[in-house]
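From just these sequences and the hints, can you work out the full model?
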Amino acid sequence: MPTPFRRARRAIAAIAAIAAIAALPLLALAPNASRAPASLRITLFAFDPKTLTVAAGQPVAVTNGDAIEHTVTFGTPDHQDARLGAVTLGANGSATFTPKTPGTYAFYCERHPFMTGTLTVTAP
Amino acid sequence: MRRILTLAVALAVAAASPLAASPPPRAHVAATAAITARTTGAELKAMLNTLLQEHVYLASAATGAALGGRTAEFQAAAGALDGNSQDLARAIGSVYGDGAGQAFLALWRRHIGFVVDYTTALAAKDQAKQTQAVNALIGYTQDFAAFLAGANPNLPKDAVADLVRTHILTLKDVIDAQASKDPAKTYATLRAAGMHMSMIANPLADAIVKQFPAKFAN
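Chains as they are written, first to last, in our numbering: chain A, 1 to 124; chain B, 1 to 218.
Derived by calculation from the structure, the hints in this document are not laboratory data.
Treat each hint with caution, since some may be false.
Claimed, not checked - If you want a taste of the chain A side facing chain B, the calculated C-beta under 8 Å gives, among others:
hint, residue
1, F45
2, A61
3, G65
4, I68
5, H112
6, F114
This structure is a prediction, so every number in the text was calculated from the model and none was measured.
Glycine included, each C-beta is placed from N, C-alpha and C at the ideal position.
So this is what it looks like as structure tokens:
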């Protein structure tokens, strides 16, 4: 291969390496970019797991395995927790929410209040 | 009216007891409500028929006592009704696991709560609350059907919902007859409501055996 092309290839590779190294701090500033979504499943009118721990900014993917609508509503039937908005899942539906503030959040299904769970959000 | 509300609260309290707190006198019945390695398909069918018919008779005993203002009888009937609910949940849990058994119990108790609401509204001659309770019961049929259909693919949701709806309406007929103080009608509707439960018990048993053939290959 002619020398100018070889030099060009080396220059391109060097630029790519520098760009990748320069991007590392940016990746560190986006905490959920490297975090896989946590999974919360509804099966036979129960949350699975009943207790879930995620980092702030980590998405939670909720899957409804029942052929009926459920919600993930934060707080209790007597006192809803406004820190996190409720998520409604249609029959066999799915949704994702991303808690951003560390804390402990009780949750329940508004249609079936006997379905309960606890979400713990840790610092990022 | 106050007596009916007091009785309704008593039923709610009885319904709140955990699955593990079955009263000792029912221990021999509780032991048979669990499905074991030796349970046959025929025994499962007989068990579910017995438990579901018992549900109707105990529910009507409770509603009749409530409408008649017979407090001690109501409390006894409500306690027995909840024991029956726990037995049903135990049977379901022995097939589908403790989590499913507990979810079934919560769901089953929920519809009993709606029946209490209807009875209370009937005693108070509150048409709006009667309608609300009936609507809640009809809505419940979808929940219960979704639960069973989710547990067992051999149970189509719509078919189960229709059967449960008939259960709701036949039980309502009993309560209405009790409120009208018509004994002949009460017992005629009670027989119909009791006999209907085989329409739920038989396909439920058949579906479970089909889902777990090795479990019932005795």
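Here's how the hints hold up against the structure:
1. F45: 4 Å, holds
2. A61: 19 Å, violated
3. G65: 7 Å, holds
4. I68: 4 Å, holds
5. H112: With a minimum Cβ separation of about 7 Å from chain B (threshold 8 Å), the hint on H112 of chain A holds.
6. F114: Nearest chain B Cβ about 4 Å off; hint holds.
In this structure, only the earlier hint numbered 2 is contradicted, and the remaining ones agree with it.
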